Structures are given as structure tokens and as C-alpha cells.
Amino acid sequence: MDTMAKRQPARKATLLGLYGNAFLFIIKMVIAIKSGSLIILAEAMDSFTDIVASIAVYISVQVSAKKADEGHPFGHHRAEPISGLIVAVIAGMAGMELIHMSITRLISGEAVSFGIAPLLVLLVTIGTKASMKQYLENAGRKVNSPAILASAKDCKNDVLVALGALMGMTGAYYGYYLLDPILGMVVSLWIIRTGYSIGVDNIDYLMGKKASEGLIKELKKKALGIEGVRGLNEVRTHHVGNYIHVEMHINVDGETSTTESHRIGKEVQRALESLESVDKAFVHIDPWLPRNQGLGSSG
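Throughout the sequence shown, residue numbering follows the working numbering, covering 1 to 299 in sequence.
You may find that some hints are simply not true.
DSS-like mimics (lysine-lysine), calculated; alpha carbons at most 30 Å apart, straight line [as the list claims (entries may be wrong)]: (1) Lys209 <-> Lys66; (2) Lys66 <-> Lys12; (3) Lys153 <-> Lys66; (4) Lys66 <-> Lys133; (5) Lys133 <-> Lys266; (6) Lys133 <-> Lys12.
No wet-lab data here; the hints were simulated from the structure.
These figures come from a predicted structure and were not determined experimentally.
I would like the entire structure built from these sequences, with the hints used as guidance.
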């Protein structure tokens, strides 16, 4: 079950991401304005998107950590994928604008004049983002946060993009100026791709996609390990934000008393909810018959 204390690492991680991205954004914008480099401008816009993402994720982590209330009896876990969708839309819009700017620069053939400072910015970006990626990934796994894990993935993408930009900047330094708008387009497309990926993932969470096959097998194993459970008729799962709700039909002997059947069902429920990603489990009791021996359907 989720608690405020358990979410503390998530809040700390999102604040670290916010401060780190703000630091990079300021440096990149200053250099982009002075140099006129589209690559650095694209990097700055990506950092701005990351700032917005960090704010959205921070707010969503705060909201999702709230306990269930009368208006939200199943909790507030859907807050995280909602923030993910906001970030995806912003990333797509920023990427499209940067593509337009890059094409304009490519057609005009305008040369970019800059020195060693932009190269240093990219090196700082690579070091900072690599460190952030590792920290966010560990925190995201610890608290089962798809939003933070998406931020970690974005940091990894930023490292790869910065490496490509570094190559383009070096080429432009030696006179190959067209590399700047071309690689500016590459960076823009990468931003759009990342936004699309984040959007699809979070739409799946909002639409209640089923749990992974590995988790479903683990759920079945947990239930069948409880004494008195003779079989399973049906196992259904769906995401509620970043957590799982489970509906399971278990078989007990038809002659088992109502009290004992209830006890078995509660024991199964506790076993299922002991799994880190499971928020709630709903267990239904069915009488066991020889034809019930299969594990039934799952999803």
C-alpha cells in the first residue's frame, strides 16, 4: 500500500530533476542566444520541456500519494499518467516548432558563429543527465512510479542526443555549418519521438491496461499457495494509474462453510496485496467442481 513516507524518495527525485533541468536550461539559453546555435537552442527547449515535466511529475506524485477519500474511493493513483500526457503534448509542440526553425535555417544557409563554450555546454549536459538518469531510475523503481521512470528514460535520451549534437558542433567548428540545422532537426525528431512514447505509455495506464504476464503468473502462484484454494476460475487485472487492481475467482470445496470460505478469501486477498505493485485485490468465492481444475482465463 502506498504511504506518504514511502513517496518521500519520489518527491526528492522530482525536485532533483527540477533543479538539474533548470540549471541546464539557463546555461543553454545564454549560450544559444550568444551563439545563435540551433543545436543548443534545441537542447535548451528540451531542458525547458524537462522542467515542465519535473513540475508536473512532482505535483502528480503529491496527489497520487493522497489516501482514498469519499470522492475518490480507489485513491488518486491516476494523477501520474495525467501529468505524463501533459508532458507528451508539450514535447510534441516544442519538437514541431524546432523542426520549423531548423528547416528555415537549412534553406537560408545562414552560418552559425560560435566558439568553445557550446561544446562545453554539451559536455556538462552529458555528465549531468547521466547522473540524473541513474538517480531517477533507482527512485522510480523503488516507488513504482512510471512518471519518474519516464523521466529517467528521457535523461538517457538526452545523453544520446547531446553526444550527437557534440559531433555536429565539432563538424560545424571545422566549417561544416549545415550540420547544425540538420542535427537540430534530429534533436527535434527525438523530442517528438520521446513525447509520443510517453503519451502512449500513459494512455495505457489511464485506460486500465492489464498487468504483465509475469505478474499474472505470480498472482496465480500466490493464490494457489493458500491452503483451501482448489483452483482458479478467472483472474483479471487492470492498472489504476501506476498500481494494479486484481479481480480473482477462486475455487473452494462446495461443502466448506461460509465462515471458512470467507477466511480463505481474505487470506488470498492479503497474499495478493502483499505484492508491491498491487493496490487492491477483490476475491470471489466459487464452489469447486472437477471441471474447474484449470486455471481459467486471465487478463
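**Request:** List, from low to high, the hint numbers that the structure doesn't satisfy.
**Result:** Of the numbered hints, just 5 does not hold.
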